[in-house]
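Here is what each chain is made of, one letter per residue.
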Amino acid sequence: MTILYATRGGEAARANQDYVIELAMQQGEELVLLYVANVRFLNRTASPTPLDLIEEELEELGAFLLAMVQERSEAQGVKTTSLIRQGSFPAALLDVIEDYSIDTVVLGSPGEESAVTSPELMNHVIRLLQAETQASVLLVREGRAAGDTPPTG
Amino acid sequence: VPVFATLAAMLLALMAPVSRPADAKQSEAQFDDYVITGRLVDNQGQPIPSGTISAHTTPDGGLLGEAESREDGYWTLAIHEAPQGAITISVEKPHFEAAARSIPSQGVRQLAENRIYRLGVLQLERRVGAGFWMATAIFITVLALIAFERMHSTTAALAGLSAIFVSTFVLGNLNADFHIFDFERALTFINWEVIFLVMGMMIIVAIIEETGIFKWTAFQAYRLSGGRSWLLVLILIAITAVASALLDNFTTMLLMTPISLQIGLALGINPLALIIPEVMASNVGGISTLIGTPTNILIGAYADIGFSGFLLNQTIGVLLALLLLSLFVLFYFRAEWAKQSPGLSPKLYQALRDNARIEEPGALWKSGLVFFLVLVGFVIGERFHVPPAVPALLGATALLVWLKPDVHHMIQAVDWTTLVFFIALFIVVGAVQEVGLISLIADGISGLVGESLILAIFVIVFGVGTLSVAIANIPLAASMLPVIEFLSGSIPGGSSKVLYYALSMGAAMGGNGMLVGAEANLVTAGITEQAGMPISFTEFLKIGLPVTYLTLSAGFLWLLLRFVLL
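Which chain is which? The protein sequence lines are W and L, in order.
Residues 1 to 153, numbered by our numbering, are exactly what the first sequence covers, in order.
Residues 1 to 566, numbered by our numbering, are exactly what the second sequence covers, in order.
Same shape as in the complex, but just chain L (with noise of 0.2 angstroms):
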């Protein structure tokens, strides 16, 4: 009985009428209508949009117009009829106290004479309430259900996305303040920029991968290196930080690490001292383009930096912090280079180079001239504020038309529970932006870090970069941007978008410190085992946390030199 009696509370809650700020009566402001302007803006001075603004005469409460503020917290209401007396301004927005504002009589005046009255600038304090532990709570389960990998990503934020919207919609009607956020609302989040960049990208490495070039490169590196295992480990570091930064450190992995493994048995060599430091450069590597990393792709759609931003404010610091990680593992694995090589018999040596042939001359070719084009389009494309997801899409598309490989397995290619995972991610994120999580943790690391840019970009790359070794660092990097848009604009110097690139070494840096700390990490790890070579936790843990801790630091000289010192 109970439970039939809770199904139909909720049942009877989904049919009752929802309360939204989104259906208040809308005034369109008409060339004879006397209009009142303002702007609603939190404690933090961030605009509020989606809040209900209500005239009402005074003293009666006679209803004069309704409005609701935009993205940039703007509002303009209309009345229709010339004011008499004072008036009243309501504002009403959830997660925030209700305030009102009497507009005096000398202004009603000016309404009156002008048409138009400029309110200014309402600021309403934020409201600690039912939603805002709901979507905390709900925000923080998502985390440690990826970060525990109790669940699959996406998986998991889909049920945090679900959860949002049990509490909006049916609690929500029991009770208001369990309200989070209206769909419509709820779909402002999601950052269709990234969707459609990732999924062209994802087209264009899928066609990319299979013409062999990997394996090839890594032979050849095997060939120039004359069989000094430690020239080899350098170049082999400095081609997994290219391929990661123009195509993704996922795939370059999963496709240098089989080559990688037969050449460091041809070494006789561990190989493990080959693919540690291999995987560690392919997460610093992809720091240094916009789509080397996911969290890249998010930090550039949301922070508006484009393909050059990325190249021109970080490379110099990934090299750096290559530098660094090259010097660790040449000390950590010296015993290793002293290992003299055997030598493979011709036989092995040519299954080796079989193994490393490139299997689609014709398509290596015309793939790397169109992922090239990407790229140049992606420079380009910034000047005319182009947005990087159309090169993408147009380039996976020339590669679809000119090469013709089969589309079904081209579709395939793209994988969807990603794509799926960065939707519901959007708006689990949008949630705690929404009741206002995120300003207190911005509020937090402003306390902490004042008004010092110095302090601001340590902070910033080594907690997250710290916080990135158990966390799972897309979440992770999504729900501090909201966090470093505030940071950014209220510390001086923070304009240089100095933060969002701290947050990018720090997010993809601090993958590094843990085995699970990169999918990159985890694929490798799958195939090395399959070879009888599995990496251990602890082995991962003793190189990976000394090497974040250098590449960390590496990063923070580096944006401390650009945008501090020089």
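Isolated chain W (complex conformation) (with noise of 0.2 angstroms):
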């Protein structure tokens, strides 16, 4: 069994983290944490742009932001793994479901201050999973489950 935590880091999901972190020890599945770095922000500006420069750049801040989070998960015992990609978000989900056969992806709910999704991503994510994957989704906020919808797919 394992859980998929998508995530970007940042203070406001510190509890989110640690919620994950305490279901896969009770449950004694396998963490695999999720950053997915998306340049699309640099549309809004007009100024040129490294872009292979950028993406590397996100990639080493989205690997500290997981290896914060993942020494706290392995120190609690968790083996976990930190996968780092770019672009698509619900894109980047469906691979990592597929290649870790993923059973429970937890994401921050949308509207939280660091939720990776808005709650329009959220909708088309869930759908999205519903109809291509087994797995369910659980909505974590402020530390506590917020809701969690069953597989269909």
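Just to be clear, a hint being listed does not mean it is correct.
Said to hold, decoys possible - For lysine to aspartate or glutamate, the following EDC-like pairs were computed, each having C-alpha atoms within a straight-line distance of at most 20 angstroms:
1. L:K404 <-> L:E359
2. L:K497 <-> L:E485
3. W:K79 <-> W:D99
4. L:K366 <-> L:D406
5. L:K497 <-> L:D304
6. W:K79 <-> W:E98
7. L:K347 <-> W:E59
8. L:K404 <-> W:D52
9. L:K339 <-> W:E11
10. L:K347 <-> W:E74
11. W:K79 <-> W:E22
12. L:K347 <-> W:E71
Claimed, not checked - Simulated restraints, written as ranges between beta carbons of each label pair:
13. W:M1 <-> L:R228: 37 to 47 angstroms
14. W:S88 <-> L:R353: 24 to 34 angstroms
15. W:E29 <-> L:K404: 46 to 56 angstroms
Hint data in this document are derived by calculation from the structure and do not stem from the laboratory.
Where is the CB? At the ideal position from N, CA and C, for every residue including glycine.
Could you fit the two chains together into a complex? Lean on the hints.
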């Protein structure tokens, strides 16, 4: 059994990270941490942007953010894998769910400051996961479960 | 049918011969010609180029000769036959009232005897017509489209440029009042020195940014601070300001933000307490050099202010501004500095260290050397009237030859959309200059400040600073340059170029007021959002507005000390 937790880090996400680590520890499951970098924000600017370099910088940033979570989860005895992906968040989720046989996907609840998803993206992601995978989606907010959706796919 | 009729009318209008002053029949003066000279100026005493001057016999109105005024407003009209009787000089120029002046019989005799007659200065009165309103509406629309992000800034400027040409070449043929300026005249407003300097610097920066020097420097600041976050933020403010002055603030923040986020997390503080001061320092730091901000590049090229001009006249003001910025953020984020750092595990410390390594040491020292020589070239070049674009292009070429990077990659590093934006913007601003809007603004400011240099500095620093909070500072600075030129010539003491420095300070410091005030702010917010730490509009405003007015005050006081009191 494997839990996938997609996070961007940040202080507000710390409670959620603790919740996921606790969940994985209690259920004896492996934890896969996912950071998805997206350089779409550069569209807002007109200045020259070295795209490759920025993607590389964001990957290093993501690796550092996940390393901080991984250190805490491994200290609790949870076997943890950190993954970095670029581009589309839903596409990255689908790939990782398939590659790592994920059973539960944990996401920060939309609207929370550090949430990876907006409400619109969250609805899209949930519909996508229900249609394409067997994994259930668990929403967390401020370190507590905010709701889950049963697997239907 | 109405659509086809409109299209047909437009096509016919395009095919019709265009009345252009530049096409006016010119008479080349020969040694045995009779020459009349003079100068055209507007009501501010500014030269009027491309005005059509014609000489007619009086009273039958026969054409004796024609001439066109040059960039400096002077004109020379040659008459091939000995003048007889009275002569009338007529002047025409779009957006000005037509004028005529008679040469008295004594003057005609003088012309016949000496073969030259100096008519003196002819002042033309501005005429506000359809072209004026069209150009003004187009200019305001372009500014609004950029400010409200309804359109990419380059697209907005190109749309403005197209509308100007539609007004001139389509509507202008249906009704001459819509004529703004012809194509050749439009091209004269493009400042190619700016385009080539920006292009050269883009290539140099593209090579330096890949060396990893930004991350390495930030990590050294972390080590040097010994875990004291208040000290770290001061060092980072200094590093960012210097990097922005030498390269540009956008690139600086693009590369400093990810490592600063990691360092903030390593210290156990809110990384935004480091990053927001950094981005504000980057907006201020660039003011001290010619290449530090795009607005300085515009100002430098327009007012002939070189690298050392900005450095010597702005740096102390910038340091004062940075001091006030530092004191404010030390106070504002005081709760963060009080936090105890939990310290990093050896593994995470190593990860941070690895992320902050110099990627290409060989390229770093080579590009560092060339960059230093480019800076030397800027300074020495001033003595020999070498435009700054020349050392920049030489440096860029030297790096391409020496380091042999992928040329396609380097050409991609040149942001052509920005260069096109500059070109289109120059023409749009040129249009409002041509129709007289800029003169009206200059008149307004002149009426407000009178002959007081202190008041003029105050109005420019705080007025432009406040406008820059909401309006993109590049078009703002570009449109203010002719205004500053007029004020510099009309206010006693203005010839020291202090008002150009005031414009530089206002335009750059105003960028700190709001999150959308500068490109560096936007890219920084984009990166922090990627780490789950978005910078909210309100949070930025709470810090940005006080910082803007503190730094503007510092800049104003410095300019006062440097140019008025000392």
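Here is how each hint holds up against the structure:
Distance restraint check for L:K404 and L:E359: the Cα-Cα separation of roughly 16 angstroms lies within the 20 angstroms cut-off, and the hinted pair is therefore satisfied. With a CA separation close to 9 angstroms, the supplied pair L:K497 and L:E485 stays within the 20 angstroms bound. The hinted pair formed by W:K79 and W:D99 meets the criterion: a straight-line CA distance of about 17 angstroms does not exceed 20 angstroms. For a cut-off of 20 angstroms, the pair hint linking L:K366 to L:D406 stands: about 16 angstroms separates their Cα positions.
Among the hinted pairs, L:K497 with L:D304 is consistent with the structure: their alpha-carbon atoms are about 10 angstroms apart, no more than 20 angstroms. For the suggested pair W:K79 and W:E98, the alpha carbons sit about 19 angstroms apart, so the restraint of at most 20 angstroms is met. The straight-line distance between the Cα atoms of L:K347 and W:E59 is roughly 18 angstroms, inside the 20 angstroms bound, and the hint therefore holds. About 18 angstroms separates the Cα atoms of L:K404 and W:D52, which keeps this hinted pair within 20 angstroms; it holds.
Pair hint L:K339 plus W:E11 holds up; C-alpha atoms about 14 angstroms apart against a cutoff of 20 angstroms. The hinted pair formed by L:K347 and W:E74 meets the criterion: a straight-line CA distance of about 13 angstroms does not exceed 20 angstroms. For the suggested pair W:K79 and W:E22, the alpha carbons sit about 12 angstroms apart, so the restraint of at most 20 angstroms is met. Between L:K347 and W:E71, the direct Cα distance comes to roughly 9 angstroms. Compliance with the 20 angstroms bound is thereby established for this hinted pair.
Judged by the Cβ atoms, the range 37 to 47 angstroms given for W:M1 and L:R228 holds: they are separated by roughly 45 angstroms. Take W:S88 and L:R353: their Cβ atoms lie about 32 angstroms apart, and the range 24 to 34 angstroms holds. With their beta carbons about 51 angstroms apart, W:E29 and L:K404 fall inside the hinted range of 46 to 56 angstroms.
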